[in-house]
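Given these sequences and hints, build the entire structure.
Sequence lines, in order, name chains A and B.
So for the first sequence, numbering that gives the first Met the number 0 puts the first residue at 0; every next one is plus one.
So for the second sequence, numbering that gives the first Met the number 0 puts the first residue at 0; every next one is plus one.
Everything labelled a hint here was simulated from the structure, so no lab data went into it.
On a predicted model such as this, the values are computed, not experimentally measured, just so you know.
In this text, a Cβ means the ideal position worked out from N, Cα and C, and glycines have one as well.
A few of these clues could be false.
Quick list of the computed label-pair ranges, beta carbon to beta carbon [claimed, not checked]:
#1 B:Arg-81 with A:Val-221: 54 to 64 Å
#2 B:Trp-100 with A:Asp-217: 53 to 63 Å
#3 A:Val-221 with B:Ile-83: 46 to 56 Å
#4 B:Leu-257 with A:Arg-312: 49 to 59 Å
#5 B:Trp-62 with A:Asp-401: 40 to 50 Å
#6 B:Leu-257 with A:Ala-399: 36 to 46 Å
#7 A:Lys-219 with B:Trp-62: 41 to 51 Å
#8 B:Ile-104 with A:Gly-160: 35 to 45 Å
#9 A:Lys-390 with B:Gln-56: 21 to 31 Å
#10 B:Ala-66 with A:Ala-399: 39 to 49 Å
#11 A:Asp-217 with B:Leu-96: 57 to 67 Å
#12 B:Ile-83 with A:Gln-406: 58 to 68 Å
#13 B:Ile-104 with A:Lys-215: 44 to 54 Å
Spelled out from the first residue to the last, the chains are:
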Amino acid sequence: MSGPAAGETATESKGSPMTAYTHVRTSGRFVRGVVALSLVAGVATAGAGEAAAQKKFKIGLLAPFTGIASHYGPIYEKAATVAVEKINAEGGILGMPIELSMEDSKFSPAGAVEGAKKLVQRAKVHVMIGTVNSAATNAAIPIAERGRTPFLYTVEGEDKGCYRFVFGLGPTPEQKLVHWIPWLIGGTGAKTFYFVGSDYVYPRSMVAYAKTLLTKGDGKVVGEEYSSLGTTDWSTILTRAESAKPDVFFNMAVGSDSISMNKQARQFGFAKKVRFAAIPGYNSAYVPAIHEIAQGDHGVEVYSELLDNPANRDFVKRHRDKYPSPWPITEVAASVYTAFHVAKAAAEKAKSTDGPKIAKAIEGLTLDAPQGKIRINPKTHLTDYHVYLLKIVGKKLEIAKDFGVTQAPQTCKK
Amino acid sequence: MEYDILAKQVLNGLSLVLFITLIALGLSIIFGMMNVINMAHAELFMAGAYTVYACEQAGISYWVALALAPVVVGIIGFAMERSILRFLYVRKDMSTLLATWGFSILLQQAAQLIFTGNPRQVATPLTGATEILGTQYPTFRLFVMAMSLILIVGVVYVFWRTRYGVLARAAIQNSEMAAVLGINTQRMYVLTFVLGCVLAGIAGALMAPIITLTPTMGVDFIARSFFAVIVGGMGGVLGVVAGGAIIGETESIFSLVLTPTAAQILVFIIVIFVILLKPDGLVKK
Numbered sequence: 000m001s002g003p004a005a006g007e008t009a010t011e012s013k014g015s016p017m018t019a020y021t022h023v024r025t026s027g028r029f030v031r032g033v034v035a036l037s038l039v040a041g042v043a044t045a046g047a048g049e050a051a052a053q054k055k056f057k058i059g060l061l062a063p064f065t066g067i068a069s070h071y072g073p074i075y076e077k078a079a080t081v082a083v084e085k086i087n088a089e090g091g092i093l094g095m096p097i098e099l100s101m102e103d104s105k106f107s108p109a110g111a112v113e114g115a116k117k118l119v120q121r122a123k124v125h126v127m128i129g130t131v132n133s134a135a136t137n138a139a140i141p142i143a144e145r146g147r148t149p150f151l152y153t154v155e156g157e158d159k160g161c162y163r164f165v166f167g168l169g170p171t172p173e174q175k176l177v178h179w180i181p182w183l184i185g186g187t188g189a190k191t192f193y194f195v196g197s198d199y200v201y202p203r204s205m206v207a208y209a210k211t212l213l214t215k216g217d218g219k220v221v222g223e224e225y226s227s228l229g230t231t232d233w234s235t236i237l238t239r240a241e242s243a244k245p246d247v248f249f250n251m252a253v254g255s256d257s258i259s260m261n262k263q264a265r266q267f268g269f270a271k272k273v274r275f276a277a278i279p280g281y282n283s284a285y286v287p288a289i290h291e292i293a294q295g296d297h298g299v300e301v302y303s304e305l306l307d308n309p310a311n312r313d314f315v316k317r318h319r320d321k322y323p324s325p326w327p328i329t330e331v332a333a334s335v336y337t338a339f340h341v342a343k344a345a346a347e348k349a350k351s352t353d354g355p356k357i358a359k360a361i362e363g364l365t366l367d368a369p370q371g372k373i374r375i376n377p378k379t380h381l382t383d384y385h386v387y388l389l390k391i392v393g394k395k396l397e398i399a400k401d402f403g404v405t406q407a408p409q410t411c412k413k
Numbered sequence: 000m001e002y003d004i005l006a007k008q009v010l011n012g013l014s015l016v017l018f019i020t021l022i023a024l025g026l027s028i029i030f031g032m033m034n035v036i037n038m039a040h041a042e043l044f045m046a047g048a049y050t051v052y053a054c055e056q057a058g059i060s061y062w063v064a065l066a067l068a069p070v071v072v073g074i075i076g077f078a079m080e081r082s083i084l085r086f087l088y089v090r091k092d093m094s095t096l097l098a099t100w101g102f103s104i105l106l107q108q109a110a111q112l113i114f115t116g117n118p119r120q121v122a123t124p125l126t127g128a129t130e131i132l133g134t135q136y137p138t139f140r141l142f143v144m145a146m147s148l149i150l151i152v153g154v155v156y157v158f159w160r161t162r163y164g165v166l167a168r169a170a171i172q173n174s175e176m177a178a179v180l181g182i183n184t185q186r187m188y189v190l191t192f193v194l195g196c197v198l199a200g201i202a203g204a205l206m207a208p209i210i211t212l213t214p215t216m217g218v219d220f221i222a223r224s225f226f227a228v229i230v231g232g233m234g235g236v237l238g239v240v241a242g243g244a245i246i247g248e249t250e251s252i253f254s255l256v257l258t259p260t261a262a263q264i265l266v267f268i269i270v271i272f273v274i275l276l277k278p279d280g281l282v283k284k
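What follows is the structure, given as structure tokens:
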């Protein structure tokens, strides 16, 4: 799994039979089925011919609408709807309005395969956008590759490897940690770090990477622990961590586990003595659940609703007008919105709806996106983003620092 | 090892034992007396927790919510029993298990609809720490432990010392004979089912300020309680206490010495061995 946010738990866990139980009970029960939403509002511009007006540019959205991370579905659906309405109002893609098809990935590999097949093989979408967890992304990748359909996955995650049609529109944890750890050491004077994560590949690989950054700086690891997904009681780990007296307690648990740990650490009172950091636990998606206990703490993201650039002002206004909410617009919502604009820019650059031509055009593409200027790295197929230090203030994430444009590490060996 | 950590860890272990036992009690009572494996127990726990959340949103204090939660969950339990379950006892097959499983899906989806899948949390009503065993321990956790202990002792008392308890145990041991002797078993069934549900609801309300609320939250908590029932022995109230103690203490002690993941594996090994060697559990009915 890659970069999950709140609520994410079991699917990939092989470690805990308890979470396996969760999975068995929640998956595959509620088939949401196909939600085909045709947004034909603001059809093609007058200049487009009769034939073009009838043709559609088909984009598929694959997101978890059911299962344990079902709260992601609406985030994706809203961001996609805002993007489609905007692009269609401005003439669509190549003069064709976007036709959006949505499928449920169910947060599981099997669900993702089924959904991706429906989008790529049956609906024959020109571009596919979506998926949250790496397990689902990895399951959908072969279908996109075989169908020669560009696939833009949107959540923070580790590199998925080299593929011709697959692009990572979310940040990688490395892009964040490469600034975060040195900032904690240099900016706050922290020396000792205690890492606690959920017990699977994503937190473990993040800790491994963080440790390489610590040895480069002046930091030291005084503790490293993992607990299986679905951990509700963190008292033992917190007791042990407290006795190690770290300067920084780095929470790398995911979903509700992360929130429980965050909360219990405060109840045990030891968070007062240490600086608290969390990934993904301090992502914007977690703010509604943690803002009361995490006031003044810092997180790192590639997007903030408060960024002052024309693309973001427009995005925020459209999103807020259509879906009023007191909570921050999330990093992943911005990634989804940007993915639609990447699809448009690439198709128009290629002047084609042909998958291989669009994929080629995405490589090296630059865009003034809500996140700032972005570039899709032609080699890694990952996105170079501005990385920001954000501070939790009230219900908002204030921008404390811009670390500048940051490349995702080149790990794709081709 | 420092004394402070040891003292805290003793309390951590004790709190886990009490939480597990409290949740397992409801399961065990319902199973022991009615032979119903209540698959919706996790969701009743969740319903208790969300009652507290809903009250907090409405500006109602935690203490009122704590009193309301068992009422709300008791009503849900009553509705479950009267609408469907009472027609299924006579079948003596898997149908009650399937029916309660159906209710668990229903309740989970209802929570999803009302509260969405986004994780929620409720404020801790008692902040700060209290000195106990020579160490500082979160006051609210101590409160939850004390409440759990009172409830467990209360249930044990009800089953061993009251008329209801005698009748209930009669029905546990032989429901046909109890019916022949003039015990209104239908009434005992409703009472017992609702009592089991209420215990889950109180547990959920007590735990709400400590854990994260999601519609699937109960599942992570309930598995250990099922183990406690299996290890302790189906149906016996004291068995559940013993089972809860073994599961909770094993996990807690070995989490400190080994890793939490290894401690969980050890718990599973114990459960497997108990099932192999003592299929009826450690404590006989």
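Outcome of the hint check:
1. Separated by about 57 Å at the C-beta atoms, Arg-81 of chain B and Val-221 of chain A satisfy the suggested range of 54 to 64 Å.
2. A hinted range of 53 to 63 Å for the beta carbons of Trp-100 of chain B and Asp-217 of chain A is consistent with their spacing of about 55 Å.
3. At roughly 55 Å, the beta-carbon separation of Val-221 of chain A and Ile-83 of chain B lies within the given 46 to 56 Å, and the hint holds.
4. A hinted range of 49 to 59 Å for the beta carbons of Leu-257 of chain B and Arg-312 of chain A is consistent with their spacing of about 53 Å.
5. Our hint of 40 to 50 Å for Trp-62 of chain B and Asp-401 of chain A holds, since their Cβ atoms are close to 46 Å apart.
6. At roughly 40 Å, the beta-carbon separation of Leu-257 of chain B and Ala-399 of chain A lies within the given 36 to 46 Å, and the hint holds.
7. At about 45 Å, the CB distance of Lys-219 of chain A to Trp-62 of chain B agrees with the hint of 41 to 51 Å.
8. Remark: the range hint 35 to 45 Å for Ile-104 of chain B to Gly-160 of chain A is upheld by a beta-carbon distance near 37 Å.
9. Taking 21 to 31 Å as the suggested C-beta distance range, the pair Lys-390 of chain A and Gln-56 of chain B conforms, at roughly 26 Å.
10. A C-beta distance of roughly 44 Å is found between Ala-66 of chain B and Ala-399 of chain A, which places it inside the suggested range of 39 to 49 Å.
11. Remark: the range hint 57 to 67 Å for Asp-217 of chain A to Leu-96 of chain B is upheld by a beta-carbon distance near 59 Å.
12. At roughly 59 Å, the beta carbons of Ile-83 of chain B and Gln-406 of chain A sit within the given window of 58 to 68 Å.
13. Checking the proposed 44 to 54 Å range against Ile-104 of chain B and Lys-215 of chain A shows it holds: the Cβ atoms sit about 51 Å from each other.
Checked against the numbered hints above, the structure violates none of them.
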